[in-house]
Amino acid sequence: MALVLNEEQQMLKTSAKEFLAENAPVEALRKLRDSKDPKGYDPALWSQMTELGFAGIAIPEEYGGMGFGYTGLGQVLEETGRTLTASPLISSVLLSATLINLAGNEHQKAALLPAIADGNLLVSVANEESNAHKPLAAETRFRKSSKGYSITGTKKFVLEGGTANKFIVSAKKNSKSGLTLFVVDAGAKGVKIDQTPMMDSRNIVTVTFKSVKAAATDILGGEGKGAAPLEKALDIARIGLSAEMLGSMMEAYDRTIAYLKERQQFGVPIGVFQGLQHRAADMYCEIENCKSLVIKSLQAIDSDSKGLAVYASMTKAKISQELKRVTNEAIQMYGGIGMTDDEEIGFFMKRARVAQRTFGDSNYHLDRFATLNGF
Amino acid sequence: MALVLNEEQQMLKTSAKEFLAENAPVEALRKLRDSKDPKGYDPALWSQMTELGFAGIAIPEEYGGMGFGYTGLGQVLEETGRTLTASPLISSVLLSATLINLAGNEHQKAALLPAIADGNLLVSVANEESNAHKPLAAETRFRKSSKGYSITGTKKFVLEGGTANKFIVSAKKNSKSGLTLFVVDAGAKGVKIDQTPMMDSRNIVTVTFKSVKAAATDILGGEGKGAAPLEKALDIARIGLSAEMLGSMMEAYDRTIAYLKERQQFGVPIGVFQGLQHRAADMYCEIENCKSLVIKSLQAIDSDSKGLAVYASMTKAKISQELKRVTNEAIQMYGGIGMTDDEEIGFFMKRARVAQRTFGDSNYHLDRFATLNGF
Amino acid sequence: MDTATATDLKTFRAETRAWLEANYPESLRKPVKNQEKEVYWGGRNPYFHTPDTKLWFDRMYEKGWAVPHWPTEYGGGGLSKQEQKVLREEMARLGCRPPIFSFGISMLGPALLKFGNEHQKMKYLNEITAGKVWWCQGYSEPGAGSDLAGLQTSAEDMGDHYLVNGQKVWTSYADSADMIFCLVRTDPEAPKHSGISFLLIDMEAEGVSTRPIKLISGKSPFCETFFDNVKVPKENLVGKLNQGWTIAKFLLTHERSMIGGVGDARKEVPLSQIAIKEVGLDDGKLADPVLRLKVAQWMMDGMSFKLAVERILDEAKKGQQMGAKSSYFKYYATELNKDKHELMMELGGYDALKWGEEYEGGKLARDMCRTKANSIEGGTSEVQLNIISKRILGLPGK
Amino acid sequence: MDTATATDLKTFRAETRAWLEANYPESLRKPVKNQEKEVYWGGRNPYFHTPDTKLWFDRMYEKGWAVPHWPTEYGGGGLSKQEQKVLREEMARLGCRPPIFSFGISMLGPALLKFGNEHQKMKYLNEITAGKVWWCQGYSEPGAGSDLAGLQTSAEDMGDHYLVNGQKVWTSYADSADMIFCLVRTDPEAPKHSGISFLLIDMEAEGVSTRPIKLISGKSPFCETFFDNVKVPKENLVGKLNQGWTIAKFLLTHERSMIGGVGDARKEVPLSQIAIKEVGLDDGKLADPVLRLKVAQWMMDGMSFKLAVERILDEAKKGQQMGAKSSYFKYYATELNKDKHELMMELGGYDALKWGEEYEGGKLARDMCRTKANSIEGGTSEVQLNIISKRILGLPGK
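Protein chains in written order, with the numbering used here: chain A, -7 to 367; chain B, -7 to 367; chain C, 1060 to 1457; chain D, 1060 to 1457.
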């Protein structure tokens, strides 16, 4: 497949770009942060976004979505990366809806996906437990009795967890059994949410499940059969998040290049200095590489490529490395002004650090890439 | 201890510098190479060097040496690195004499060390067997009978092996037993030497031992007890070789800086370009770091520091990394001229690649450094 | 070599130890939690965290040890280098806190000692040693970052006074300080390095105002400082008119080696220990194989730099010139520190992303953000590399 | 879009396949071992490795396919882009060797087609397609490396001829070539880019001599070429007088994308396979943990670059300008290739340090040495970064 957007995807990108530039510039994130609103996103904005169909792009038409696929969703995510727009897109649409679509039965899909697509239902995956990304290492346990299931455990780093209506919780029967995924109401008895502010001002929480009840019909994909769909959904989410990160990277880079042309030192714009030029030019090359990884990987999702895991790890690893570099270079090249909170460039670095780590950082994925390649 | 040379060491360094500049400039290595002399060094030069006492610097006075220690020997090695002087200093003096001094009994030391110190006896350690550095993984086996020992196996990457009078061969009785070190005559029956040209034009060979006879008195350090002294001797050799590499690094760097001032492009010396300046300045910093590692590590040998292994791995790893970088940058900054055989800078890169790998490359030592530090 | 004999020094050490034991307040014999609050900063409106903080400062001042290395006529201790070293060692032995922290001591003092007139030295140095005035520094301006000499704040000669107009930025604690030492342009016609003077300005003077700067890491001690038709007495000029650049360069080199943070790393917990604690071992190796190698590489780089500083200081003792090596220290130390904080973030996992409380220090994410300024303040990394290129390597300029 | 319809192309493909099957000699249906020897290079003293090498060239030339993309009046095949693609695919299918390798085709031809007069095109292009003349390139000079426009070789107008004096360097195969296309200075007074012309010189002319250059990797096809009062007919000027720089820039951009070696990586054995073979696995992971990560990182970088080339070519098909992106390709591809050869050395262990025979290729150490020139020849990496800075990023010059 040619590594270019089709017209539909291009239109989606353009409309997202225009909408977000108008309605959710970086300044909006600053206001959100300064208001200390624990939601971490703006519901009014979210409802505008869902009206434009953003929440349903990758959800099949039969379940109320647009069925445009992940390459389309990736374009919207990339644009939200440019504006650092906080929204439930990553947690509810990219990860949770994907997981439901992969693992859910007909009834579950029909019940949940249309509500996610129209933006009213927010679902969040509660999976991580340790301080590092270990997607299949749940210590959360469930017990099964004649009355149903009872889940106990603590989940960390639950994205948009403070505003989710439902959680998809991973748990095991015992240390040797496979992963089981339960859909649980956020308001269910025994669910407790702890929120601390994060450096990107988003809403990421710890959720404790204490003997939370669930029925057999709440299981996604069958008892002990959650690992495969979860890994695949995570790979898709890694790629989608990489699209967002690519947007941030390009925006931080573009702003830096503009600054190099504008900022005067020693009587000349600092962009004349070859020491800075060569670093900027080398970053240009890596950004071109990253763009290609993202579009190829998005297409790999839509074409159901067998290489999905390799693409996901390669993309997430390299995007994380380069986003770190670009945001750090941005602050260094901005100099003292880049250090001030008044200047927006710092927001990109802060979001970058969280995104780098979400769904596995570059260390994790470099190692995984080698393993997937058999060495 | 202050990280500076004492007067004795400083004098040794100055005299080595003057002698080598006069008698063994890089041009001498070119002649040696072009003559295709398989010895890989100049015996006449070696005898001048031994007359100056270079071969006995680190050998105790009681065994005919000067007893100046390794910090002293390191200064001479550093200067041979500047001139790329090929000689048996590394193999016979730095590694073999050290190993004999560490593992030998009184009789062996008295018999061998004075002859090494006066330069007439050349000893080489035949230890490596696989393609990578695995110092304790000998597959060479010995059998023991009433008539003595019989050694069979093949040793790779034996430094200066083509001209050695004796080998120190490592062998095991069986796969579970400890390493035993034998001193064997190079002319003994069953010893076969294969030499292929190496990229640094030195004499590094494969030696096959086929049922080579040895007596109990030829064992250094007792049967099965060779590993500890071998590892320590190797650590000392890693540091000594790092001193040589430091000399090469500084010389390649100095020449490059001089070239940046001299070479005109676009009507100015290329050293005005900030892109090159910043790379040159960053290398300056790393070279300062490397200098400190070398002197500290040499002093660690002389003070019998417990941290010897950590110092050795840290020094060999970092010197190998930086020497690679400096020699590569040298050629890039010289441009087309650096690519020609007429220009001497390429000789530094070729010697660097061999030295980088000798006694373990940066990959090996970075890993070992982590292991030695318990993680 | 100082002239004190070994015996004299031994006596001095014994006396010092005894005096400190007797005079260092019991209540201060515990670690400092908040440097900014618990240490005395001096000033017209002094703040002492506890009565013992005041007691400790008063005793040290009386002894001449508030600033032990300055001459006694300026309220200093007049100690020899060897005696200073003994005092430092004995204070460290007992864990003594510094009696005062002051930019007057570390930054203004050296300039006054070298360039000030006798009147200025008597007045200002004595005020500083007595802890009576809090000084801040006014160099940078919004338009001029690395190009310090491009500064625009003007001091116009009005006959009996200078009239100062302009804006400074990155003036630490300007909102608490009593006085500011400033670079101002006194000759707008001269080539830019030649028209600058070094001026002392009272922060209470009419027309001086400040505004705090919030950083990406949160609140900060930095301010913007504005001068709007501020009258400054002519006697407040330090050194000759238009000689300010010479004084500034002298102080910048001084400052650079301080920001380099040389030697700070010694007391720290090895990064490998933090890594083991945070990430854990798997079969004896750090559970994350990529982080393992990054940590190992950082430790090697860090140890080699630490040894380089040690070596170069040893060489300096033997008489070799340090010269522009302070630029190497500043560059390498700050880059190392930034890398270290990035690594700490990687080791710290999800928890490291928490944004904690402002102004406390010690929070990983905020600290990491703050370290980004290391390679900007006190001369950017790029400026240091330029200095190394030109002054150490002798590479040609344009 | 070319005008050929799908049906036409289908017919063309069938005919091409049949023709190649019938005409490609059996004896050549095996891999090339030594490209330099086994492929025909053309020239006044032609060398054919085997009779079938000649047969293959003759058949292809007769068919017009020695240079299928040139117009038929110059001995080319006059094929449309789509037909060229079909021919390439069908040749690849059968493993056909190129009938001829010639700098005349790849480097001089494009310049003549764009800037040559009709006489020059008729004469030289027809000679090239017929394999009658071996051309080499004379751009670089010892004094001018990256500063190509600083060249000094002069061509003085003597009325009926030019008198050429000077020295060229890096002229590949100058010792075998019949003709050289050169940049020469025709106006020493003009600004340096404006006084240069593009001249064709016969290597057999009196006063031309060559000397081979030995590289750090061993023997090489490069020579120094000397011009000592060489008379050159005025009709050998290509384009207008003093227009040489325009022609050179046109050709350099062309050359850059070739040296970038775009696409070469596709056929290669993955580095991980080489790593596994050379270093071995330990518990499923490469036995050297540091190399493991270096190999993984290189593969990621390499794959991302391969995809970037693919994407940018796809975009170009949709009409987006490639522009200065050839500088990115050249820069990144050559840096990747150097890194790869360093990694191959690391993977290859002690054996990789062997120096093997000269001029054979395939020896790790010599190949590694040779790759060091990748980032120098055809415009250094620094020059490419400058071009990206200025022409893509729009950063200001001095």
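Bear in mind the hints are in silico, worked out from the structure with no lab data behind them.
Treat the hints loosely; a few may be bogus.
Stated by the list, open to error - Pairs of lysine-lysine, DSBU-like flavour, derived with a Cα cap of 30 Å:
(1) A:K184 with C:K1344
(2) C:K1344 with A:K126
(3) D:K1180 with D:K1273
Unchecked claim - Residues of chain C clear of chain A, computed beta-carbon distances all greater than 10 Å:
(4) P1110
(5) K1122
(6) Y1133
(7) G1202
(8) W1229
(9) I1272
(10) E1405
(11) G1408
(12) W1414
(13) T1439
(14) R1450
Using N, Cα and C, we set each Cβ at its ideal position, and we do this for glycine too.
Open item on the list: Could you work out which of the previously given hints the structure breaks and list their numbers from low to high?
Closed with: 1, 3, 7, 8, 9, 10, 11, 12 and 13
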